[in-house]
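**Q** Using the sequences and the hints, build the whole thing.
Each chain, letter by letter, is given below.
There are 2 protein chains.
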Amino acid sequence: MALYSTSVEYGLHCLLPLCSPDVHASSQELAEFQGVSPAYLAKLFTTLKRAGLVEALEGAGGGYRLARAPADISVLDVIEALEGDKPLFQCNEIRGNCAVFGGKPPGWASKGLCSIHAVMLEAEQQMRTVLAGHTLADLAARLESKAPKAFPREVTAWFDARRTGRARSAAATRRINPGEK
Amino acid sequence: MALYSTSVEYGLHCLLPLCSPDVHASSQELAEFQGVSPAYLAKLFTTLKRAGLVEALEGAGGGYRLARAPADISVLDVIEALEGDKPLFQCNEIRGNCAVFGGKPPGWASKGLCSIHAVMLEAEQQMRTVLAGHTLADLAARLESKAPKAFPREVTAWFDARRTGRARSAAATRRINPGEK
DNA sequence: TTTAACTCGGAATATTTTTATCCGAGTTAA
DNA sequence: TTAACTCGGATAAAAATATTCCGAGTTAAA
Numbered sequence: 311m312a313l314y315s316t317s318v319e320y321g322l323h324c325l326l327p328l329c330s331p332d333v334h335a336s337s338q339e340l341a342e343f344q345g346v347s348p349a350y351l352a353k354l355f356t357t358l359k360r361a362g363l364v365e366a367l368e369g370a371g372g373g374y375r376l377a378r379a380p381a382d383i384s385v386l387d388v389i390e391a392l393e394g395d396k397p398l399f400q401c402n403e404i405r406g407n408c409a410v411f412g413g414k415p416p417g418w419a420s421k422g423l424c425s426i427h428a429v430m431l432e433a434e435q436q437m438r439t440v441l442a443g444h445t446l447a448d449l450a451a452r453l454e455s456k457a458p459k460a461f462p463r464e465v466t467a468w469f470d471a472r473r474t475g476r477a478r479s480a481a482a483t484r485r486i487n488p489g490e491k
Numbered sequence: 311m312a313l314y315s316t317s318v319e320y321g322l323h324c325l326l327p328l329c330s331p332d333v334h335a336s337s338q339e340l341a342e343f344q345g346v347s348p349a350y351l352a353k354l355f356t357t358l359k360r361a362g363l364v365e366a367l368e369g370a371g372g373g374y375r376l377a378r379a380p381a382d383i384s385v386l387d388v389i390e391a392l393e394g395d396k397p398l399f400q401c402n403e404i405r406g407n408c409a410v411f412g413g414k415p416p417g418w419a420s421k422g423l424c425s426i427h428a429v430m431l432e433a434e435q436q437m438r439t440v441l442a443g444h445t446l447a448d449l450a451a452r453l454e455s456k457a458p459k460a461f462p463r464e465v466t467a468w469f470d471a472r473r474t475g476r477a478r479s480a481a482a483t484r485r486i487n488p489g490e491k
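As they're listed, the protein sequences go chains A and B. Oh and the first sequence: position 52 is 362 in our numbering, straight run, nothing missing. Oh and the second sequence: position 148 is 458 in our numbering, straight run, nothing missing.
In short, the hints are calculated from the structure, not lab data. All of these numbers come straight from a predicted model, not from anything done at the bench.
Straight-line Cα separation of at most 30 Å, DSSO-like style, residue types lysine-lysine; simulated pairs:
1) B:K414 x A:K353
2) A:K396 x B:K396
3) A:K353 x B:K396
4) B:K353 x B:K396
5) A:K396 x B:K353
6) A:K459 x B:K421
7) B:K414 x A:K456
8) B:K359 x B:K396
9) A:K396 x A:K359
10) A:K414 x B:K459
One-sided excerpt, in silico: chain B residues whose CB lies under 8 Å from chain A:
11) E342
12) P397
13) V410
14) W418
No residue lacks a Cβ here, since even glycine has one placed at the ideal position from N, Cα and C.
**A** Shown next as structure tokens:
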């Protein structure tokens, strides 16, 4: 459907709320905030942690926070963490298979870069330059400049309510129906 | 494994021999020449034909030839024909899901382009510019400049031998073992 | 101090996409 | 007229992706 899978979209969107200083949130909270599958996002954050982009705080009230400053995490970093540094094109050295060589390609045939591969590498380089040139801080700033002044406060309020709301309803459940799983 | 599948690699390599003027070859021949799966390549050429890049000559001794001059077929044309004009990134407008909107995103949230999408489009544009800037004629010329002077003749000879060889062995088979399929 | 819920983490599953294969319909050259 | 060779689409295996689920450990609260 697209060259980059939805993991990238989910990951980038859900990293944005973590760009405010001293913010941490669980993958569950982030998924609800952005309206994506919580179980899937949990898996993605596992990957992001392994790649060193986020740090995990365990236990109740824990969650994830950025491992580096938002200005030090590029869009390309996130993509490579989630998709695994895929090249645009993989060259299988087909040029050496040419039937006129009879299984033993001469030196000139495998010398240097395959012409097709070279074009692809050039295109990939251009693409990566753009992706490496934008950081999470840029994205967060652009979002904030679009939104009304009150928006950041509303976001903070949502996360706060989400946490206390859970605690409250959990307590209620416990009171009413102690054995329920 | 890579963003562009092997179809692109197969397709580009197998279109190169068709760049010489007045050349046509069957998908079977091209596959043998480049050492790739014949049945799969046949399917790819069906796609290339539907996209208008090649023309088919049916019947015995038929095959494919380029529908346009090699200088008028860009690498991007081939990619889009085989991969179907996939965007680098598909935006599912996740920004509108944000929980603080409660299902009804305000105007500012969906106005203009999603910031993440914008970065991706910029990267894609750079990539496409490079891919659109190289044509089959360029690739063929670069290959020819690398190869010894005799190479084009050897290629022609291989295709000729391949055809007469087939006819000969088919005739021999017919003489020796008439009922064999 | 005890409890209980909440967190991450990885294993297991379902679905889609890619890759590869096969055989039939039609055409051409002999 | 024949017979082989061509394309073309329908079919099948393999891989990658998207999604879900449950267990181990930690933390905050009771």
